[in-house]
Every structure is written in structure tokens, then in C-alpha cells.
Amino acid sequence: MKETMRKLCSPLLGVFESGDGEFEYKKSYRTILLVLGVLCLVISSISLTVTIMTGEFAGIIPIMLFLLTGLVCEIVGLLGNDRAVARIWKRS
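No gaps in the numbering here: position 89 of the sequence shown is 89 in full-length UniProt numbering, and each next residue is one more.
Check each hint, because a few of them may be wrong.
As the list claims (entries may be wrong) - Quick list of simulated restraints, FRET-style, between CB atoms: (1) E56 / E22: 24 to 32 Å; (2) R6 / E56: 34 to 42 Å; (3) G55 / T31: 19 to 27 Å; (4) M64 / I32: 22 to 30 Å; (5) D82 / E56: 15 to 23 Å; (6) V42 / K7: 25 to 33 Å; (7) K7 / M64: 36 to 44 Å; (8) G55 / M1: 17 to 25 Å; (9) M5 / K90: 23 to 31 Å; (10) I46 / E22: 35 to 43 Å; (11) S10 / G55: 33 to 41 Å; (12) P62 / K7: 30 to 38 Å; (13) M5 / V35: 33 to 41 Å.
Read the hints as simulated data drawn from the structure, not as lab findings. Just so it is clear, CB atoms sit at the ideal spot from N, CA and C, and this is done for glycine as well.
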């Protein structure tokens, strides 16, 4: 299942997994990335709920921004290799 999801998300993962050379990776980077992704998805869902309740659709931009950020964090955190996670935190 994980390999199928990696193939499906390969365009996004390819951006972060590419490159040669050394990189600095700590296990906490992946944990923080996953927590950040969950927080962004929660903010997005709360914003969507408030936007629907109020009928004001000016909140679409922050909803999409937090949704995309959360999805990228979760995809890289769950499916990406150590290099991909390290590249989120530092370009080297």
C-alpha cells in the first residue's frame, strides 16, 4: 500500500527527494512535520466550517493555503524518505 501511495505522490516526493550529497536528518524532524501537518489540516477544517456557517466566502484563500500545506507535510512526513524530510527543514 505504501509503495502504491509513493507512486501516486511521486511528482511531489521527487521534488524533495532529489539531490546528492550529505544532509542532516533527525527523527524529531519527521515528528514535527507530521504534527505541523495535522495542525494545518485542523486550521483548514475549522476555517471551512466557519466560512460555511457565516456564508462569507472570503476565507477560501486561507482554507486552500492551510489545506495544501497540511497535505504536503503529511505526504512528505508519512511517505518521504529521510532526505525529503531533511529538505523541508533545511536546503543543503
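Structure-based check of each hint:
{"no.": "1", "hint": "E56 / E22: 24 to 32 Å", "in the structure": "violated (49 Å)"}
{"no.": "2", "hint": "R6 / E56: 34 to 42 Å", "in the structure": "holds (39 Å)"}
{"no.": "3", "hint": "G55 / T31: 19 to 27 Å", "in the structure": "violated (38 Å)"}
{"no.": "4", "hint": "M64 / I32: 22 to 30 Å", "in the structure": "holds (23 Å)"}
{"no.": "5", "hint": "D82 / E56: 15 to 23 Å", "in the structure": "violated (43 Å)"}
{"no.": "6", "hint": "V42 / K7: 25 to 33 Å", "in the structure": "holds (28 Å)"}
{"no.": "7", "hint": "K7 / M64: 36 to 44 Å", "in the structure": "violated (25 Å)"}
{"no.": "8", "hint": "G55 / M1: 17 to 25 Å", "in the structure": "violated (40 Å)"}
{"no.": "9", "hint": "M5 / K90: 23 to 31 Å", "in the structure": "holds (25 Å)"}
{"no.": "10", "hint": "I46 / E22: 35 to 43 Å", "in the structure": "holds (40 Å)"}
{"no.": "11", "hint": "S10 / G55: 33 to 41 Å", "in the structure": "holds (39 Å)"}
{"no.": "12", "hint": "P62 / K7: 30 to 38 Å", "in the structure": "holds (31 Å)"}
{"no.": "13", "hint": "M5 / V35: 33 to 41 Å", "in the structure": "violated (20 Å)"}
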